[in-house]
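Q: For the protein sequence lines, the chains are A and B, in the order given.
Using UniProt numbering, read the first sequence as starting at 1 and increasing by one per residue.
Using UniProt numbering, read the second sequence as starting at 1 and increasing by one per residue.
Since the hints were made in silico from the structure, they are not lab data.
C-beta: ideal position from N, C-alpha, C; glycine also.
Heads up, some of the hints might be wrong.
Unchecked claim - The list that follows gives simulated cross-link-like pairs (lysine to any residue, SDA-like), each with its CA atoms no further than 20 Å apart:
#1 B:K102 - A:S394
#2 A:K171 - A:Q31
#3 A:K51 - A:L146
#4 A:K50 - B:S111
#5 B:K102 - A:K50
#6 B:K50 - A:V2
#7 A:K198 - B:S111
#8 B:K50 - A:E58
#9 B:K51 - A:R48
#10 A:K392 - B:T131
#11 A:K198 - B:Q61
#12 B:K171 - B:T131
#13 A:K220 - B:P73
Stated by the list, open to error - Pairwise CB distance ranges (calculated):
#14 A:Q258 - B:L18: 18 to 24 Å
#15 B:Q258 - A:Q346: 37 to 43 Å
#16 A:I167 - B:E91: 48 to 54 Å
#17 A:E298 - B:D321: 22 to 28 Å
#18 B:T363 - A:Q272: 24 to 30 Å
#19 B:T363 - A:I90: 54 to 60 Å
Number of protein chains: 2
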Amino acid sequence: MVAEIICVGTELLLGDILNSNAQFLGQQLAQLGIPHYYQSVVGDNRERLKKVIAIASERSQLLIFTGGLGPTPDDLTVETIADFFGFPLIERPEIIEDITQKFNQRGRVMSASNRKQALIPQGAEILANLTGTAPGIIWKPRGDGLTILTFPGVPAELYQMWSDVAIPYLKNNNWCQGIIQSCTLKFWGIAESTLAEKVADFLYLKNPTVAPYANHGEVKLRISARADSPEIAQQLITPIETQLREIAGLDCYGANDQTLASVVGELLQQHQATLSVAESCTGGGLGHILTQIPGSSEYFLGGVIAYNNRVKASLLNVNLDDLEEYGAVSAVVAEQMAIGVKNLLQTNWGLSITGIAGPGGGTTTKPVGLVYIGLATPQGSVESLECRFGEKRSRDWIRRVSSSTALDLLRRHLLGKG
Amino acid sequence: MVAEIICVGTELLLGDILNSNAQFLGQQLAQLGIPHYYQSVVGDNRERLKKVIAIASERSQLLIFTGGLGPTPDDLTVETIADFFGFPLIERPEIIEDITQKFNQRGRVMSASNRKQALIPQGAEILANLTGTAPGIIWKPRGDGLTILTFPGVPAELYQMWSDVAIPYLKNNNWCQGIIQSCTLKFWGIAESTLAEKVADFLYLKNPTVAPYANHGEVKLRISARADSPEIAQQLITPIETQLREIAGLDCYGANDQTLASVVGELLQQHQATLSVAESCTGGGLGHILTQIPGSSEYFLGGVIAYNNRVKASLLNVNLDDLEEYGAVSAVVAEQMAIGVKNLLQTNWGLSITGIAGPGGGTTTKPVGLVYIGLATPQGSVESLECRFGEKRSRDWIRRVSSSTALDLLRRHLLGKG
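Pulled out of the complex, with its shape left as it was, chain A reads as follows (with noise of 0.2 Å):
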């Protein structure tokens, strides 16, 4: 018994809008434990869709439209499920009497154009639409083998739909058998390639399964589990996750909705230690992401977006004479900066980046990519940290790795293995 996602709109063909339905029912089925292997996107276009539906019909048993449920000419999804399967339309009274009453509620009268959203196919159940005009519909064309459910594209109709009538309708039929729970390892300072070797016996289990992913420096392995409650499944991926973090040891800085940015500061937290910052290249993007988290205030004090030399030498207190000898990308002025921001801001821990984000900027022996990292320390030492991202990296990316990499020495240093 399987699930399949079919999303009807040519402005997702076009790109003009991103199909964040289909992920939402991906994540819903997922929920439910109902499998489903393919999603297809097709235009407003009855022949293709037709196409469509004869391929999904026969390799599973439950289909989910999305779209097309609209009052206008290219709104097509239910009059072509209707033709495929070979049976009429039908107008029902009380759709009719539904929408004229959503209008006169909002002080309109209903248009010629919406009695289109009351035909619906002979022998199909109204899926009610508390929110929106158009009804979706449950209907069984062939029978139990087969089961339709459409819904509007409008994300906040469709989710009140899923909710408030699917979820129910899918219990009572049986279509869930357990459950998928999952729960994602989050790790920095390890390529993926080199953490999939390590953790290599753990991606051919079946239940729970192991699935490396890989973005913006940051690595990810999530753990999936199949089981008839969210209790059996989390039995299931404890003791996984329990030997992949003891593989990964510092390299895996967290789990699930937790960042770099949340699990400094719960460490600086515990030790009820302050931060400041100073940043050259990243231009506050460090301070950006340490914001993001509620409550930083408790330990992020503010700092210095040194883009200039001049700032770093008279806010820092950075050495003129080895700003002009090192250059403002090097370990040293890195090192400064840190040590001048921790001072200025009276902070425990003093944070810093300066480096070449490009496009410009690059030469020969500084490329485009180097970016140096300096921590000054509540006793007092500082170091710093050379990275060379390398030159094809973009401005952006070079810019978030730099400020993740200074959360990620930070961290190591608070969990006293830096």
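Could you slot chain B onto chain A? The hints should help.
A: Quick look at chain B alone, frame taken from chain A:
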């Protein structure tokens, strides 16, 4: 000659990530004038991926795959495509060399698992990946009737490979028959519905079409023309663009790749003026946005992240009595922050933000979403803007829109109409 997009990844089916790659490719195909009628998503499963290839290769002539090019066992796109068409995989030494070099640049050693990424179907060309390790392929497994392109799922790598390799390839191989060209006008300070009413007549045009979009307080109008050449498309767009700009006046801040930060940067350079920022609730986000623009060091000198009140007083010279009497989120403090940072960094303009981004910290008189923006001008005057974004908005939304509103205030001043 029709294209089709096939996205491979169980994480897409589970809804772990949004399918932004399909949106990107949809937009790109539309711009190139290459029709595409279907998109498919399939998990990391050999047999199901083969079924998708079988269907797609019968109805489309250009198959564009994303995802499943990584080094781990569940990355099986290329090997499954090769297997489907009955060709062996060949290890390409130039890819091994490229991956080794990339690891060396980062001071790491290539993992054995990365060797997998050097396996390419016999007869396929390499679609070079300048940034990541996984190359794509360009392959005609059945001669001229079918072309296959593969890309990694990592968006940044897909974008770079698409622009640098795929677009030239598709143009040179006559895939682009006629084109769709667009111009997107961008607006700040006007609601989508208000703008839509002002330009109502334009929304019914057929060629070019005019469509409104809104997100994070920004409104856009996309003008799209279909024509045989870019020149003819532009002739259709230009008169509409001119009329829309006239109707919108100062609310239209730019078009296409322009951002509020890039427009402010251009204006500051025209005025040969410099800027500094003082940020409380945005925590560095305004500086981060300003420095997204390459060359922003010409006019942006830096700033102070004054997340803590002590920093507002000590660095920005905000009056302690005023902080006590009016609170940190007040017009008085915003103005003093703007003056303070302008004096401290000796710039022509000083721009400040202080507010309550939530979710906590709101009161009846000062609810979440209350933000003050301060602007100190080269003439020595200072002013502030009070924004009430509403308590229902997310922390992220409030912080983003605060930064944009601050940039827009400066933009209007630089245009002499603040």
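Q: Determine for every hint whether it applies to the structure shown.
A: Hint check:
Between the alpha carbons of K102 of chain B and S394 of chain A the distance comes to roughly 15 Å, so the proposed pair stays at or under 20 Å and holds. With a CA separation close to 12 Å, the supplied pair K171 of chain A and Q31 of chain A stays within the 20 Å bound. The hinted pair formed by K51 of chain A and L146 of chain A meets the criterion: a straight-line CA distance of about 16 Å does not exceed 20 Å. With a CA separation close to 47 Å, the supplied pair K50 of chain A and S111 of chain B exceeds the 20 Å bound.
Among the hinted pairs, K102 of chain B with K50 of chain A is inconsistent with the structure: their alpha-carbon atoms are about 47 Å apart, more than 20 Å. Restraint check for K50 of chain B and V2 of chain A: the C-alpha separation of about 18 Å stays at or below 20 Å, so the hint holds. For the given pair, K198 of chain A sits about 11 Å from S111 of chain B by alpha-carbon distance, which is consistent with the 20 Å threshold. At roughly 16 Å between alpha-carbon atoms, K50 of chain B and E58 of chain A fall within 20 Å of each other, so this suggested pair holds.
For a cut-off of 20 Å, the pair hint linking K51 of chain B to R48 of chain A stands: about 18 Å separates their Cα positions. Using a Cα cut-off of 20 Å, the hinted pair K392 of chain A and T131 of chain B holds, with the two alpha carbons roughly 6 Å apart. Straight-line distance between C-alpha atoms of K198 of chain A and Q61 of chain B comes to about 41 Å, which puts the hinted pair past the 20 Å bound. Simply put, K171 of chain B and T131 of chain B have alpha-carbon atoms about 23 Å apart, too far for the 20 Å limit, and the pair is violated.
Taking the CA atoms of K220 of chain A and P73 of chain B, the gap is near 15 Å; set against the 20 Å cutoff, the hint holds. Range check, Q258 of chain A to L18 of chain B: about 20 Å between beta-carbon atoms, so the 18 to 24 Å window is met. The supplied range of 37 to 43 Å is met by Q258 of chain B and Q346 of chain A, whose beta-carbon atoms lie about 41 Å from each other. At roughly 49 Å, the beta carbons of I167 of chain A and E91 of chain B sit within the given window of 48 to 54 Å.
The beta-carbon spacing between E298 of chain A and D321 of chain B, approximately 25 Å, falls within the hinted interval of 22 to 28 Å. Taken as a hint, the range 24 to 30 Å holds for the pair T363 of chain B and Q272 of chain A, whose Cβ atoms sit roughly 27 Å apart. Take T363 of chain B and I90 of chain A: their Cβ atoms lie about 56 Å apart, and the range 54 to 60 Å holds.
In summary, the numbered hints that this structure violates are 4, 5, 11 and 12.
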